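Chemist: First to last, the sequence lines map onto chains A and B. Just so we're aligned, residue 1 is where the first sequence starts under this note's numbering, counting upward by one. Just so we're aligned, residue 1 is where the second sequence starts under this note's numbering, counting upward by one.
Heads up, a few of these hints could be off.
What the hints assert, rightly or not - Partial chain B-side listing against chain A, Cβ under 7 Å, derived:
1) Cys149
2) Ala152
3) Gly155
4) Leu165
5) Leu178
6) Ser185
7) Asn186
8) Tyr193
9) Thr194
10) Thr200
11) His344
12) Ala364
13) Asn367
14) Glu368
Claimed, not checked - The following label-pair restraints were derived from C-beta to C-beta distances:
15) B/Asn367 - A/Pro360: 57 to 65 Å
16) A/Phe88 - B/Thr355: 29 to 37 Å
17) A/Phe88 - B/Pro387: 50 to 58 Å
18) B/Lys137 - A/Lys185: 17 to 25 Å
19) A/Lys81 - B/Pro112: 31 to 39 Å
20) B/Tyr124 - A/Glu312: 35 to 43 Å
Claimed, not checked - Residues of chain A placed beyond 10 Å of chain B at every Cβ, according to the derived structure:
21) Ser144
22) Lys156
23) Ile210
24) Pro360
Hints in this document: simulated from the structure, not taken from any laboratory. Just so we're clear, the structure is a prediction, and the values are computed from it rather than from any experiment. Beta carbons are placed, not taken as given, at the ideal position from N, Cα and C, and that holds for glycine.
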Amino acid sequence: MALSRLSSRSNGIARPFSAAFNRFISTDTTPITIETSLPFTAHLCDPPSRSVESSSQELLDFFRTMALMRRMEIAADSLYKAKLIRGFCHLYDGQEAVAIGMEAAITKKDAIITAYRDHCIFLGRGGSLHEVFSELMGRQAGCSKGKGGSMHFYKKDSSFYGGHGIVGAQVPLGCGIAFAQKYNKEEAVTFALYGDGAANQGQLFEALNISALWDLPAILVCENNHYGMGTAEWRAAKSPSYYKRGDYVPGLKVDGMDAFAVKQACKFAKDHALEKGPIILEMDTYRYHGHSMSDPGSTYRTRDEISGVRQERDPIERIKKLVLSHDLATEKELKDMEKEIRKEVDDAIAKAKDCPMPEPSELFTNVYVKGFGTESFGPDRKEVKAALP
Amino acid sequence: MSAILQGAGAGAAAALSPFNSIDSNKLVAHSRSSLSVRSKRYIVAGSDEGTNKSFGSSSLIARRSQPLMIPNAVAATKADTASSSTPSKSGHELLLFEALQEGLEEEMDRDPHVCVMGEDVGHYGGSYKVTKGLADKFGDLRVLDTPICENAFTGMGIGAAMTGLRPVIEGMNMGFLLLAFNQISNNCGMLHYTSGGQFTIPVVIRGPGGVGRQLGAEHSQRLESYFQSIPGIQMVACSTPYNAKGLMKAAIRSENPVILFEHVLLYNLKESIPDEEYICNLEEAEMVRPGEHITILTYSRMRYHAMQAAKTLVNKGYDPEVIDIRSLKPFDLHTIGNSVKKTHRVLIVEECMRTGGIGASLTAAINENFHDYLDAPVMCLSSQDVPTPYAGTLEEWTVVQPAQIVTAVEQLCQ
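Isolated chain B (complex conformation) (with noise of 0.2 Å):
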């Protein structure tokens, strides 16, 4: 599946430079395969439509022969980047459902309780490939193809938790989780609590999200909204390969029910990732650039826009400090005060609704604890109020620009 990740907007081409890059030596032969005719539930691969002309080619063909790799992503301007995303000398490089693999297919070696059930996650290797290959390894009863019932498999996956096991559910996509929200709120997340503590709910509820490429708007939701006032479940999103795997692993490890958000254009992202094992702290925020003038919190997709508009304002003069908070519930609110004590103003990037998304509830978290240490009121960026439209041009304007985040930066600071 390759799709295609384009960072900027239509109107900003210049910043599309570190995105363009093709790396043809690097192809990778099984995202073609799979680019067979699906049916309407799936997702298309890279769409064609109109406002992309800057890869040249527009002929589905010619793309599909060479098709895009995206080389690492965050492209520091200092020599900082977090210890956490630096890799390592030893490493291999691969891409984020790879590393996603590596993470989950690590775990059922290491524990044989854990299974995955999903749709078409055994033969067909996964919508997104993250579970290709595993239903070869392990076999038909720990990699389960479910029929299309989203409730009755996540209500399953939950009740064989309760015994014991540790069921990794997928979501061909999180928005199909939505008729699965009874199982999720009222048995995931409350069961430890109502049984007074007999059960516990070891689950991974994982699937991708987010914004894609043009389509749909039953198809571009962002459900971490709905779920962050569940009580009980740890919400987490995953941004590159390393924190993908580590935060895989250490979501199958923990033992309370984890929602694990990735996000559709992630997939193909490029990093190199040590050999030797590592987890990602669950409940930790991620330092990605660290600086001085102004705190820029986002997570997932949204971390790219933000580091791409630091690279502008960096050429501006100004110093922003960007940190992917990683944990959606609970917040990391130690990294972030830090961050708030240092640099006094902060700017949220989402990628969910204006209305009670996850931006709203931490400037709501922030305001409280961290009221003295603001210097400017707490701004957030989200996408708009709107279903995702179809059309491209609408769709980039639903979601946050690097544009904006540097013309809120320069707001903030003045």
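Just chain A, same shape as in the assembly (with noise of 0.2 Å):
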């Protein structure tokens, strides 16, 4: 998005040594392979190639997508800490290569949905920065019009279904999706994301076997950032393999910290589902905040792990390495443009600060539709109403 700004003079020049601002970054769409870091393991199918094919367009874009994300993450925090941003508020910061990845091997037409931590899969799909910021302090700008608080945030037009708070009940809604779409013959895919916690309910096996019967384009990835809330992995799953959990239908486990294997996956994924049918990717992934705002998140591990991780497999930096090893920008312009993103999170903020709470009659709008009779009737047929103090 930005890099439309950032690439205002023509390509060729790699090096530039202006001091600017709004500095030039070299938009070459020439390809770049990258190796993923680790290869992936797959369970009844031929796993992908670690090579990705991609380019130096398309790796500052993550950079900077990713930065976005995490900024965003940050400053949310510290709404929440300043009562701003109120009840569940999950965080993504850590996990963003998940998002990035996918949305780089997948078109507006294909569908995802998750559980609540998905304000960075909104981001992704297209959201902006104010209706995210909106929504979480409950304003009429946000994405849901201040009615769905952080774990519901939807997107129709880009095919992004939400923001649900029951954990696992988003699995049979995604494979209705992919249903939908099996109906209507739309040769896109579903992807339903749940975590590691979630890969317990029963509803997911449910959904997954009626899935592989009618061989719907469904994709179920497990976000395994290896804890539910406060539970470990270990301590919840007797066979914490999720993307063998399928049993009858392949899996393949991908690092997911790593923007590039994340999108390998998703592109391997997208074909198998169009052609045979469901097919569970596992993320191996981390994030560093709790599981909410009210979750320390080290109770139950321990500091050194979360700095370690973060120290070895943070997927920013992974994406930083890359870039300043290609060359394609130089450490001042990546903290530049840190800077910058910076600046539009904290004026995205400044803006959704200055929106105005929803009207009182927001408050029984939305909750019928419409249409064909169906109005509420009172004793005398006017809509049912209470009058607010």
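Could you use the hints to bring the two separately framed chains together as a complex?
Modeler: Next comes the structure, spelled out in structure tokens:
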């Protein structure tokens, strides 16, 4: 998104020496091949190759968007502590590579449905920062008009189906969307994301059974961050190989901190789902924050573990190293980009803070759809309303 | 499936007359073919046990050779009957489950987005034959046999509805939908609201519920009481072939999620319905029998008990007004209110449990809105707060019987 701003000049010059703020970065789309950090582990299928086709534009895009996502989540953290965001707030920092890699492999016709850790996926699907912060603070301009909150982000025009609070309930919904895609002969797939905690839900296996029976283009993606709130995966699952749990359904285990591995896996999964039916992807990822803002995240894991992952596997650092090693930008340029992102986020927050709260009458809108004989009747045939003080 | 409807209690043999007539001219062949042995989960066709000697023959074979056909059970004593129930001159006679099937088939013909999903709805034809023949006509992708996983296939129906399909989800027995409660409550009812209006969920969730013929506690559930406080859904209960077809069509066309409650014992009701296309309003109540002295509010099977009691009451000199509320959520307080303003006395007859049922909510709504018009406290006759027992005599006394309705009316009209 921002690259169009930054790349106003022609291709070819890879190393500008201008120190101006809107500096020029190469937008060369010549392919770069990147090796994923780890090979894929496959169950009942042939794993895709480790070499991923990318371009410098994509690399910088990845960096920028992931940095934006990271910054957005950190800002949400501060807002929550300032009591501007209430209730539950589940942050995605550390897991950005999954959102980014998935977006790079699919189109907006492919559907994504996820659970409550949905801020970054919403952003990846084309949502704006303003919509995110407004919704988090319960303002009118939010993506769900302030009535959904952190766990209910939706974007229908980009086929983003949310945003669900109840663990595991989104998986049957996702398989239903895949069913509709097959019914309408759309040649699109659905990615139903869930966590390692939700992987033990029965409805998941029920939905998987139906999807396999009816050959639905459903891809079940387990974002395995190894903790189901406070319970480590080895304490919750007898078999923590979530990609194998589909039994008769093929699976692929992916390093979820490597955006290119995610991209390759999602592309592979999409091709598979369109031809042969459902497939399970397990993204081995990690979240730095606790389960939600009410969870410090340190009672069930050590700080050393968190900082260890941050040092060795951080997705943004990996992209940064790739950018630097391919000479696509200098350190300073990347730092400038980050500063710019910070400013963008702060601006969005300020704008969202100015946004008004929803009107009281909004309490009763969107409960029912107006239409074929569907008005609520009171005793005098007027709509049922209560007078608010 | 010849579920045999017996409207009255064991004792009141005299009151059995309208339901006793065996119309041997109109044998329904297909109901016999489905009487094969099924798994325990299914409903046994017409239990033979003890109580109802009034049919004369107690042998199952004899009964199967002459399945009981229930003529239009709304035997009104006055030349009244609401226009909505009046058979038109050029109509055709059919049973309630056939009316549901007709409505469903017409809507599937009309809109290619309508599909049906449920257990054994496809090749088997539906355990109550509501979807019989549809799989052959529309194919496996539109009439889907699901495995036994209510939670998942209800969720899938809702997910498909988010994209614009219009699934009709069948619970083989309403009680099984308790397994899908999370999907119905959180996703079905709330998604339109929490997405700020982006998604509509035009599903229809339907299935038979209510106390049947000795089906046991788990298969005699009345789920309307559990679902009634879910915001965002509508609930309707059908009671005659006419309104069954009309409500089915309206529910499918509605953009809101609608739960259509059918009753296990009403599937073989026979009525003549119009040939031309018609739809019933989802939020309107049906005036079954206008009257002056007391308003009896009822729905589903209890309508027939109320009408039976009405006959007795008329003989005793009372003039009850019987309204089939049909719309369980939201209540049609307009029709109900007009009636209360006229009669000043209300009796609610329902099949839900005493605690927290539809009657309880309706009592509260009437008291809140029409308190000034009431001459007597609102009385509510509901089922007892017990799991439905298996024994026939006990089962009869868990639900409201016409004799109790008569007593209640006499009490209220003093």
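Chemist: Each hint needs a verdict: does it hold in this structure or not?
Modeler: Evaluated hints:
1. Here the hint on B/Cys149 is kept, as its CB sits about 3 Å from the closest CB of chain A, short of 7 Å.
2. Interface restraint check for B/Ala152: the shortest CB-CB distance to chain A comes to about 3 Å, inside 7 Å, so the restraint holds.
3. For B/Gly155, the interface hint holds, since its Cβ comes within 7 Å of a Cβ in chain A; the closest pair sits about 3 Å apart.
4. Hint status for B/Leu165: holds, given a least beta-carbon distance of 5 Å to chain A, under 7 Å.
5. With its C-beta approaching chain A no nearer than about 14 Å, B/Leu178 sits outside the 7 Å limit, and its interface hint is violated.
6. Taken as an interface hint, B/Ser185 does not check out: its beta carbon lies about 9 Å from the nearest beta carbon of chain A, beyond 7 Å.
7. The criterion of a C-beta within 7 Å of any C-beta in chain A is met by B/Asn186, whose closest approach is roughly 5 Å, and the hint holds.
8. At its closest, the beta carbon of B/Tyr193 sits 5 Å from a beta carbon of chain A; the interface hint therefore holds under the 7 Å criterion.
9. Because the smallest distance between the Cβ of B/Thr194 and any Cβ of chain A comes to about 4 Å, under 7 Å, the interface hint for this residue holds.
10. Annotation: interface hint on B/Thr200 holds; nearest CB of chain A at approximately 5 Å, less than 7 Å.
11. Because the closest C-beta pair between B/His344 and chain A is about 15 Å apart, greater than 7 Å, the hint is violated.
12. For B/Ala364, the interface hint is violated, the least distance from its beta-carbon to any beta-carbon of chain A being 13 Å, above 7 Å.
13. Annotation: interface hint on B/Asn367 violated; nearest CB of chain A at approximately 12 Å, more than 7 Å.
14. Interface restraint check: B/Glu368 against chain A, minimum CB-CB distance 9 Å, threshold 7 Å, status violated.
15. For the pair B/Asn367 and A/Pro360, the beta carbons lie near 27 Å from each other, so the given range of 57 to 65 Å is not met.
16. Take A/Phe88 and B/Thr355: their Cβ atoms lie about 33 Å apart, and the range 29 to 37 Å holds.
17. A hinted range of 50 to 58 Å is violated for the C-beta pair A/Phe88 and B/Pro387, which are about 37 Å apart.
18. Evaluation of the 17 to 25 Å hint for B/Lys137 and A/Lys185 yields a pass: the beta carbon distance comes to about 20 Å.
19. Between A/Lys81 and B/Pro112, the C-beta spacing of about 52 Å breaks the proposed range 31 to 39 Å.
20. A hinted range of 35 to 43 Å is violated for the C-beta pair B/Tyr124 and A/Glu312, which are about 57 Å apart.
21. For A/Ser144, the shortest C-beta to C-beta distance to chain B comes to about 4 Å, within the 10 Å cut-off, and the non-interface label is violated.
22. Consistency note on A/Lys156: stated as away from chain B, yet its beta-carbon is not over 10 Å from all of that chain's, at 4 Å minimum.
23. Residue-level check failed: A/Ile210 sits 6 Å from the nearest beta carbon of chain B, not beyond 10 Å.
24. With a cut of 10 Å on Cβ distances, A/Pro360 stays outside the contact zone with chain B, its closest approach being about 15 Å.
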